[in-house]
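Visitor: Chain by chain, the residues:
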Amino acid sequence: MPSTAAITGLGFITSIGLTKAEVANRLRHGQSGLVEFDFCGNPRHPVKVAAPVPGFYFDGPNWREWSWPAGYEIPRETVRGLPPHGVYAFCAIEQALADAGLRLEDITSSDTGLFCASAGSPYMMWHHLEELAASQYERGHPLSVVSSIAGTLNFNLAAHFRITGAVAGFVSACTSGSHAIGYALDEIRLGRQQRMIVVAAEELNAQTDLPFAAMRALSTNPDPATASRPFDVERDGFVPTGGAVVLILEAPELAQARGAKAYAEISGWGQAADGYNVATSHPEGLGLRNAMLRAAKDAGIAMSDVDYINAHATSTPAGDRSEALALRSLIAPDARTIVSGTKGLTGHGLSMAGVMEAAFCALTFSEKFLPGNPKLVNPDPVCKGLNLPKESIAADPRIVMNNTSGFGGSNVCHVLRAPSPAFARS
Amino acid sequence: MSTPSVSPIPRRAPFDPLGKFPEGVKAAYTKYLQTADAAALDTVVLAVVRDYVPKTVVLPTDQPLPDNARLIADLGFDSLAISETVFFLEDLFKVRITNAEIIKVRTVGELRSFVRAKLASLPARKR
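Just so you know, the sequences run in chain order A and B. Heads up: the first sequence begins at 378 in the numbering used here, then just goes up one per residue. Heads up: the second sequence begins at 9 in the numbering used here, then just goes up one per residue.
Think of the hints as simulated: they come from the structure by calculation, not from any bench.
Below, a list of computed lysine to aspartate or glutamate pairs in the DMTMM-like style, where the Cα atoms sit at most 20 Å apart:
#: 1; chain 1: B; residue 1: Lys34; chain 2: A; residue 2: Glu442
#: 2; chain 1: B; residue 1: Lys102; chain 2: A; residue 2: Glu507
#: 3; chain 1: A; residue 1: Lys767; chain 2: A; residue 2: Asp600
#: 4; chain 1: A; residue 1: Lys761; chain 2: A; residue 2: Glu661
#: 5; chain 1: B; residue 1: Lys102; chain 2: A; residue 2: Glu515
#: 6; chain 1: B; residue 1: Lys28; chain 2: B; residue 2: Asp59
#: 7; chain 1: B; residue 1: Lys102; chain 2: A; residue 2: Glu508
#: 8; chain 1: B; residue 1: Lys28; chain 2: B; residue 2: Asp50
#: 9; chain 1: B; residue 1: Lys34; chain 2: B; residue 2: Asp99
#: 10; chain 1: B; residue 1: Lys28; chain 2: A; residue 2: Glu450
#: 11; chain 1: B; residue 1: Lys126; chain 2: B; residue 2: Glu92
#: 12; chain 1: B; residue 1: Lys28; chain 2: A; residue 2: Glu454
#: 13; chain 1: B; residue 1: Lys28; chain 2: A; residue 2: Asp436
#: 14; chain 1: A; residue 1: Lys638; chain 2: A; residue 2: Asp476
#: 15; chain 1: B; residue 1: Lys28; chain 2: A; residue 2: Glu442
#: 16; chain 1: A; residue 1: Lys761; chain 2: A; residue 2: Asp711
#: 17; chain 1: B; residue 1: Lys28; chain 2: B; residue 2: Glu92
#: 18; chain 1: B; residue 1: Lys112; chain 2: B; residue 2: Asp75
A short list of chain A residues far from chain B (calculated; beta carbon distances all over 10 Å):
#: 19; residue: His422
#: 20; residue: Leu474
#: 21; residue: Arg480
#: 22; residue: Leu567
#: 23; residue: Glu611
#: 24; residue: Ala650
#: 25; residue: Glu661
#: 26; residue: Leu670
#: 27; residue: Gly677
#: 28; residue: Asp711
#: 29; residue: Lys745
#: 30; residue: Pro766
#: 31; residue: Ala801
Positions of the beta carbon are idealized from the N, C-alpha and C atoms, including for glycine.
With the rest of the complex left out, here is chain A (with noise of 0.2 Å):
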């Protein structure tokens, strides 16, 4: 049995950009993807940025009045059930599958699986709920079910691109995606599948974002430069996006009998829950502190060897202060560990963001380069000894890691290597 997968494709349509190659540059330019940003057309509702994606626009919760970007070929039967998200994530799955090179009877093989998070569509079950309502529960859309909970994703992807494998959803709020890859590498190890697509996807708009506006969580700095600033003292909160991310995971002997090229291997994971709070974090970040170890531990490495950390970091008063806090009680002073926050850059995905910074932990190795932390200005004490550059550094990082908290206290960390030199991508 495998111990690592191979992440052999990656998709992106994310707020900084539909490309790898637009992604990787400006990860590595720090251009964010943050803009003003009209929710609800209501003048006074304090949150003015997001990080929308660019080319997509869903202008009602009919598919006939959504767009998106040209080359990607979504068929009657499979747009009629998809949420807007779905429509991301049906793009980043084709992006991923030709990165991947993979061919129909690869997709098609029942040694193929797909894992998807998501938190549903609120927005859909919104308008399909109000019209089931108005005529009194008689008649409602015969979509609105498998375009609106939140199996959303999995019901309509593994039909389109005709699953035989394992398929599931996940459901953990911010680290849905984390656990999506997490359990696939599972399957990998556990020799039930040979391969792995994880999708992950997030709508963003008033129905998907503004109730975390109603719990105090998102950023009301109404300034795109500096709302999403991790690890800074002034930070006020987290800035929502949408979009989607895939990685492709292969069983490495797979990958490299038919001549694939790898990214990077994914080499562990570790969850450990907070047991404190519904929603806030733990004040020492011990739950995040443990999956790390776990992570790590799994991975056969010890935090030391640890080249890169990609910090859950939203942005959050509380949020971060657990996370660097959880660090530092696992990193040297001095040690050579970068730590970066890259929804300062994009936004926090929620659902997604597990798998989006699994992706650009995935291209440090072969773009050689660390994301930095452009809209540092003021660390927060608390990110005493942490070591949280400002900008990008080029590197050839061996060992990165991946950080995801959730709701319930929940957290996920997985550990990612620089590929066998037989398979690297250059």
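Once you have looked at the hints, place chain B on chain A.
Guide: Relative to chain A, chain B alone:
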């Protein structure tokens, strides 16, 4: 660091269910509403059927749908596509169509006749 500017998402206009249909279909719909002309109704129903055909089935666009074409066996409809077509027609003509009624409809011709009879049975004010 620089922040690229992206236009905010434009405000939505009221949704027109026939908005993306050919002008001839829109005109036929208006004509049916004004005159209850059965041939105009057929034009609308056939356009709706064609619109709900899954894209994987390629239909010649320059030929009318044959009356004997079976929705499922020939045109590739599944139960959801039939439900969607019914839902759309219900909205367009302000009628309710029951499962018992639609389950009897198998071909394009049967659907055409069914909608004609259904609408003809309504009081004039409901058209």
